[in-house]
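Protein chains: 2
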Amino acid sequence: MSHTAELIAVGTELLLGNIANTDAQTLSRELSALGINVYYHTVVGDNPERLKKAVEIAKTRADLIITTGGLGPTCDDLTKNVLAEAFGKKLVYNPEAARRMEAYFQKLHPESGRTMTENNYQQAYLPEGCTPFQNDRGTAPGCGFEADGIWVLMLPGPPSECGPMFRSRAVPYLAGLADGAIVNRSLRIFGMGESAVEFQLRDQMNAMKNPTLAPYAKEGEVELRITAKAPDPVAAQALIAPVEEELRSRFGPLVYGVDVSSLEEVCLALLKDQGLSLACAESCTGGLIAKRITDLAGASSVFRGGVVSYTNEVKHGVLGVPRELLDQFGAVSAPVAEAMAEGARRTLGADLAVSATGVAGPDPDDRGNPVGLVYVALAWDGGVFVHTVHAAGPRERVRTVAASHAFDLLRRRLTGLPL
Amino acid sequence: MSHTAELIAVGTELLLGNIANTDAQTLSRELSALGINVYYHTVVGDNPERLKKAVEIAKTRADLIITTGGLGPTCDDLTKNVLAEAFGKKLVYNPEAARRMEAYFQKLHPESGRTMTENNYQQAYLPEGCTPFQNDRGTAPGCGFEADGIWVLMLPGPPSECGPMFRSRAVPYLAGLADGAIVNRSLRIFGMGESAVEFQLRDQMNAMKNPTLAPYAKEGEVELRITAKAPDPVAAQALIAPVEEELRSRFGPLVYGVDVSSLEEVCLALLKDQGLSLACAESCTGGLIAKRITDLAGASSVFRGGVVSYTNEVKHGVLGVPRELLDQFGAVSAPVAEAMAEGARRTLGADLAVSATGVAGPDPDDRGNPVGLVYVALAWDGGVFVHTVHAAGPRERVRTVAASHAFDLLRRRLTGLPL
Numbered sequence: 038m039s040h041t042a043e044l045i046a047v048g049t050e051l052l053l054g055n056i057a058n059t060d061a062q063t064l065s066r067e068l069s070a071l072g073i074n075v076y077y078h079t080v081v082g083d084n085p086e087r088l089k090k091a092v093e094i095a096k097t098r099a100d101l102i103i104t105t106g107g108l109g110p111t112c113d114d115l116t117k118n119v120l121a122e123a124f125g126k127k128l129v130y131n132p133e134a135a136r137r138m139e140a141y142f143q144k145l146h147p148e149s150g151r152t153m154t155e156n157n158y159q160q161a162y163l164p165e166g167c168t169p170f171q172n173d174r175g176t177a178p179g180c181g182f183e184a185d186g187i188w189v190l191m192l193p194g195p196p197s198e199c200g201p202m203f204r205s206r207a208v209p210y211l212a213g214l215a216d217g218a219i220v221n222r223s224l225r226i227f228g229m230g231e232s233a234v235e236f237q238l239r240d241q242m243n244a245m246k247n248p249t250l251a252p253y254a255k256e257g258e259v260e261l262r263i264t265a266k267a268p269d270p271v272a273a274q275a276l277i278a279p280v281e282e283e284l285r286s287r288f289g290p291l292v293y294g295v296d297v298s299s300l301e302e303v304c305l306a307l308l309k310d311q312g313l314s315l316a317c318a319e320s321c322t323g324g325l326i327a328k329r330i331t332d333l334a335g336a337s338s339v340f341r342g343g344v345v346s347y348t349n350e351v352k353h354g355v356l357g358v359p360r361e362l363l364d365q366f367g368a369v370s371a372p373v374a375e376a377m378a379e380g381a382r383r384t385l386g387a388d389l390a391v392s393a394t395g396v397a398g399p400d401p402d403d404r405g406n407p408v409g410l411v412y413v414a415l416a417w418d419g420g421v422f423v424h425t426v427h428a429a430g431p432r433e434r435v436r437t438v439a440a441s442h443a444f445d446l447l448r449r450r451l452t453g454l455p456l
Numbered sequence: 038m039s040h041t042a043e044l045i046a047v048g049t050e051l052l053l054g055n056i057a058n059t060d061a062q063t064l065s066r067e068l069s070a071l072g073i074n075v076y077y078h079t080v081v082g083d084n085p086e087r088l089k090k091a092v093e094i095a096k097t098r099a100d101l102i103i104t105t106g107g108l109g110p111t112c113d114d115l116t117k118n119v120l121a122e123a124f125g126k127k128l129v130y131n132p133e134a135a136r137r138m139e140a141y142f143q144k145l146h147p148e149s150g151r152t153m154t155e156n157n158y159q160q161a162y163l164p165e166g167c168t169p170f171q172n173d174r175g176t177a178p179g180c181g182f183e184a185d186g187i188w189v190l191m192l193p194g195p196p197s198e199c200g201p202m203f204r205s206r207a208v209p210y211l212a213g214l215a216d217g218a219i220v221n222r223s224l225r226i227f228g229m230g231e232s233a234v235e236f237q238l239r240d241q242m243n244a245m246k247n248p249t250l251a252p253y254a255k256e257g258e259v260e261l262r263i264t265a266k267a268p269d270p271v272a273a274q275a276l277i278a279p280v281e282e283e284l285r286s287r288f289g290p291l292v293y294g295v296d297v298s299s300l301e302e303v304c305l306a307l308l309k310d311q312g313l314s315l316a317c318a319e320s321c322t323g324g325l326i327a328k329r330i331t332d333l334a335g336a337s338s339v340f341r342g343g344v345v346s347y348t349n350e351v352k353h354g355v356l357g358v359p360r361e362l363l364d365q366f367g368a369v370s371a372p373v374a375e376a377m378a379e380g381a382r383r384t385l386g387a388d389l390a391v392s393a394t395g396v397a398g399p400d401p402d403d404r405g406n407p408v409g410l411v412y413v414a415l416a417w418d419g420g421v422f423v424h425t426v427h428a429a430g431p432r433e434r435v436r437t438v439a440a441s442h443a444f445d446l447l448r449r450r451l452t453g454l455p456l
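If you read the protein sequences in the order shown, they are chains S and V.
Take 38 as the starting number for the first sequence in the working numbering and just add one per residue.
Take 38 as the starting number for the second sequence in the working numbering and just add one per residue.
These are calculated hints, taken from the structure and not from any lab test.
Given that identical chains are not distinguished, each listed pair holds provided it fits within a single copy or across any two copies.
Only pairs whose alpha carbons sit at most 27 Å apart, straight line, appear in this in silico DSS-like list of lysine-lysine: (1) K90 <-> K266; (2) K266 <-> K96; (3) K246 <-> K266; (4) K89 <-> K246.
Using the sequences and the hints, build the whole thing.
Shown next, in the form of structure tokens:
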């Protein structure tokens, strides 16, 4: 399957610069992993004439056209109308799509007694003969169809809907076209920068055709995705296994998980397995550590709670950090990080506790500690360990990287690795 | 003359999804402010043939073509070669551009004794008759020229170079091309769903040409954007004012801000203005309220801290929620939400405190409270108020909406609105 794809994003807000076209980035990554070449991205506003022209151009240079945005009632289903017309398809009412929308709507408004409005039902009109893509995170369904030797996918614009729909609905649809299986495996690495990982793997990556190997940088982390194509999933897995083995031996304990989505997910599973509870004490991360662990369903079985101590009074009064430490070393210091972790463990009655105190920015603190300096600590029954983080970048990134270091300390402790 | 711009980004890394096309966002914003319409963005890889075709298409539909990327030696000056050819221009050595590159290189490597290499000098070849744009943050110069009635700008790809060069070099070059101003105003609404807002405004929106009105859904919020075009910013503002006035009277206190980015931003400003401090106590939101307020630089001037009380022991032991309340009503109840807010206010020593306790999902709690039921409370000196939220959707959305309700209670209190 050697396909050439073009992505067409529809939305005046993109042309005004109100948002960046991150859907194009997401889909390009996914398509690259599927071995599908992307030759062009096009962005066009909420304008039927200009969208029509963009589609006409795309038809001359791509055999897979993927649109994002312009579905749903707020834009009069612009994309659906224009694409259906461009490919000579009628829009027909799809009862299955309507039923799924109703179910989503009910789930969203369980006690309101509200029913879907006319313009919601409009979304159930889809090109004749298409495969509807259910939207698990919104109402507007997407769809896929084939016409004139070109495959067309229509996906919703909001990034929270577009990527998930592509992965869960469009990839299986495309795999059906390919007459084979496409299997991904994703290794997550923490503790080495993207450029260092890429430098080590560059020659190997360039030489690989099937499976392919691609790195994706996440804030302070690297995801290495191995993608194999084969007649069936077992054969694809067999292609992946030796590559995974080699990466594991190369990166050793930096590999924190396979097909997992975050460090906190790994930590939650380890805590559950070992029957241990967790607490946290946060200064510069301001609740992010607690937020990340409680993003996960089932966190309540291990997480007892946290204290966000944004002032010295709270560090002393609630967490019991000795005033002498705060006076002598300042709030941003290794001794205070240790005392915070120990205080959280004691105050919140947990087996383990993590802490973070540092300078998230944009300005250095009043003792001259630079932006990005963060002390993260881990306390357990009988010990405490503190790690110094020098994070680069804006406030949000400093906070994210610091929280990840706290989870990584926990992961290392729970898997018996050196801290 | 009304100008129509097309942005062409050159870079295979964009088509692989390694980076998002943030240059397009930056330039679109800047162009919009100059009153220049952007009708298309195009992204193409490091491929001369495909770039040439993209330029040919752009020539038929734009009179201002702005390229980003493909300038330096690593891509063989792809963009410069293709664009010069497309407009029938020779590349000629520009001694001034070479001198500026030398100066930049010296500044970058003051002690290395290194000199510029041949391929660096290659960058000093520019289309004949162009205006070179000095690069203050890199070596590759940009340039602007006019040919065939079309204005062409070439800018470097790295975002740290592209935006600054546009603002400092290209805008003065374009001065006089722009024939008017585009002005945006964004009203933020909390407390009414997107489809309900849209339903109220649909006919009006469809009838409007200048200014235009467009709704954008955020989780549990709606942004209404008014955009006007006029000969100058004052005239554009005058077009916007009556629409804004009408929307404000229609939606009343649901409008929480204009040209702001979040409820917490509004709350932080109000707290600062009134010299009041804030604390929080969180159960189901698990740190999200604290995280959202501390996402903002300057939060430390008003935010004292928070307690994430994920167990009854922490609610009682740290926040002082009476055991009788927990036993009688359960953790997910209005009385416990009130006691949590009062406890946070007292324990953390703040003027005001918000709390949230509820069922984020995916499963109902052990007392049978349904997913999405959250009690949020606000405590102040002499009072406490609790609001019952029925949030819909997955765990993440329930948490986000609950946190937003907590901030909305705070906003209402601080602006004297009924709770």
